[in-house]
Amino acid sequence: MSSKQSVQSEAELAIRVSDVTKCFQVYSQPQDRLKQAILPRLSRFLGKPGHAHYREFWALKGVNFEVRRGDTVGIIGRNGSGKSTLLQIICGTLQPTTGEVAVRGRIAALLELGAGFNPEFTGRENVYMSASILGLTREDIDRKYDNIVAFADIGDFLEQPVKTYSSGMYVRLAFAVIAHVDADILVIDEALAVGDAIFVQKCMRFLRKFRENGTLLFVSHDTSSVLNFCQSAVWLDRGEMRMHGTAQETCNAYTEYCSQEVYGDTVKLQSRQAGKSEPKTPPPVRIEKDLKVELFDNVANSGGWQSGVASIDSVTLCNDQGEPFTSFAGGEDVLLKVRATAHQPLQSPLIGFFVKDRLGQSLFGEHTYTYVQPPMQVEADTGLEASFRFTLPLLPNGEYSMTVSIADGDPYANTQHAWLHDAVLIRVASPRLRYGLVGIPFDEVTMKRTDARS
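Note that UniProt numbering has the sequence shown beginning at 1, numbered continuously upward.
For the record, the hints were derived by calculation from the structure and aren't laboratory data.
Don't take every hint at face value.
[To be verified] When the alpha-carbon atoms are kept at most 30 angstroms apart in a straight line, the in silico DSSO-like pairs for lysine-lysine are as follows: (1) Lys144 - Lys48; (2) Lys163 - Lys144; (3) Lys35 - Lys61; (4) Lys35 - Lys48.
[Claimed, not checked] Pairwise CB distance ranges (calculated): (5) Ser430 - Gln377: 41 to 49 angstroms; (6) Leu363 - Lys337: 15 to 23 angstroms; (7) Phe390 - Asn79: 20 to 28 angstroms; (8) Arg68 - Thr341: 26 to 34 angstroms; (9) Asn213 - His51: 48 to 56 angstroms; (10) Glu249 - Pro324: 39 to 47 angstroms; (11) Leu363 - Asp184: 27 to 35 angstroms; (12) Arg78 - Ile38: 51 to 59 angstroms; (13) Ser224 - Met376: 34 to 42 angstroms; (14) Arg78 - Asp320: 51 to 59 angstroms; (15) Val438 - Thr341: 26 to 34 angstroms; (16) His343 - Arg69: 42 to 50 angstroms.
The structure presented is a predicted model; accordingly, all values stated were derived computationally and were not measured.
Ideal placement from N, C-alpha and C gives every residue a C-beta, glycine not left out.
With these hints in hand, go ahead and build the complete structure from the sequences.
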């Protein structure tokens, strides 16, 4: 590699972690700290051998990896694997025992709950303190303050001490600050797990937009969110880096490892046998474009807005009796009604929706274009009502939201006129376990005894 290429490669790096280790001193009793502070010095003074009054815990052992500008990297691993310690070292709040970390650019982090806030200060005071620590001047903070307050959306609690805040309010305020400090690198350490569904959606929309130009480190136990969100991943286990590769490869290896830990040798044996089987070539399949999903692909992560040409007036989700309802078990027949107004003439209005999980992942959706043909032309000041009658999929327990839109055109060329995030919040609660993002009904599932030799 030429010196010029080497310089360019260095310039592309946002983070370099070089042989980082971290050792903590763990004391069995509080008085052992005092002994450790005094007795070793006294022993050296008297010329006698001393001994440690603590045991060593190595949270990190020789971790090495690089993150380039614009990359989104997931960090996965079980509790106690060293993820949070690594992030604190990268952010500069901890010093490594050995090794070094090089960071290029302004870094902002959302680490453990309440980190960086003084519990005695009000929310307003903590905004100014936290933003100034992250490098903003008083004038910068004054200019961004209203946007920070609007993003946090905690109302009058902004003037209360943060020690009175719930965990969700802590996260709202902390994320609002880091979202407005113009950081080059963002570090998110699972703090969003305590947020409500609608705020998490807002945060995920911001993160999706941020990663277009910024660098993101994203810690999660949920491999599906890492797969959906990250280009590559680092897997930590007991302080060691087990793997650094693509998100798909790393998450697959981590999932298999966790299965082996839980189910033991049986799964290990099955995994080896599966790897030896001959690959089967699937039959050729004719693939057609799905018009029903294509419509919103390009703008699925944009913020809510309207152009003034048309507006969404109401969104109602009903059960099979036509009663407004938001709590389901999954598998019910439901009716979604979207009412809108065309304030100017529309040549081909179409209304559609998406259902998203709490991480902002699009699960399923539909629009009217496929079903309403020929296109319905409407004059100015015309009301529209779209109805979608369908069976709700078997969703895992949790909270989901609907994004609704009205546009003019067809699925491939259209002009969006209104886009409404989180129009309806859906709660799914079922005693049955569901697997994956969306479950399906099964007509029949059986099991019977057979001759083991057949």
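Hint by hint, here is what the structure shows:
For the given pair, Lys144 sits about 61 angstroms from Lys48 by alpha-carbon distance, which is inconsistent with the 30 angstroms threshold. Pair hint Lys163 plus Lys144 holds up; C-alpha atoms about 24 angstroms apart against a cutoff of 30 angstroms. Using a Cα cut-off of 30 angstroms, the hinted pair Lys35 and Lys61 holds, with the two alpha carbons roughly 28 angstroms apart. Pair hint Lys35 plus Lys48 holds up; C-alpha atoms about 15 angstroms apart against a cutoff of 30 angstroms.
Between Ser430 and Gln377 the CB atoms are about 43 angstroms apart, so this pair conforms to the stated range of 41 to 49 angstroms. Look at Leu363 against Lys337: about 20 angstroms separates their beta carbons, and that is inside 15 to 23 angstroms. Taken as a hint, the range 20 to 28 angstroms is violated for the pair Phe390 and Asn79, whose Cβ atoms sit roughly 39 angstroms apart. Taken as a hint, the range 26 to 34 angstroms is violated for the pair Arg68 and Thr341, whose Cβ atoms sit roughly 47 angstroms apart.
Between Asn213 and His51 the Cβ separation comes to about 54 angstroms, which falls inside the hinted range of 48 to 56 angstroms. Checked against the hint of 39 to 47 angstroms, the C-beta distance between Glu249 and Pro324 comes to roughly 45 angstroms, which is consistent with it. A hinted range of 27 to 35 angstroms holds for the C-beta pair Leu363 and Asp184, which are about 32 angstroms apart. Separation of Arg78 from Ile38 is about 38 angstroms and departs from the stated range, judged on CB atoms against 51 to 59 angstroms.
Separated by about 39 angstroms at the C-beta atoms, Ser224 and Met376 satisfy the suggested range of 34 to 42 angstroms. Checking the proposed 51 to 59 angstroms range against Arg78 and Asp320 shows it is violated: the Cβ atoms sit about 43 angstroms from each other. Separated by about 32 angstroms at the C-beta atoms, Val438 and Thr341 satisfy the suggested range of 26 to 34 angstroms. As the Cβ distance of His343 to Arg69 is approximately 43 angstroms, the hint placing it in 42 to 50 angstroms holds.
Checked against the numbered hints listed earlier, the structure breaks hints 1, 7, 8, 12 and 14; every other hint is satisfied.
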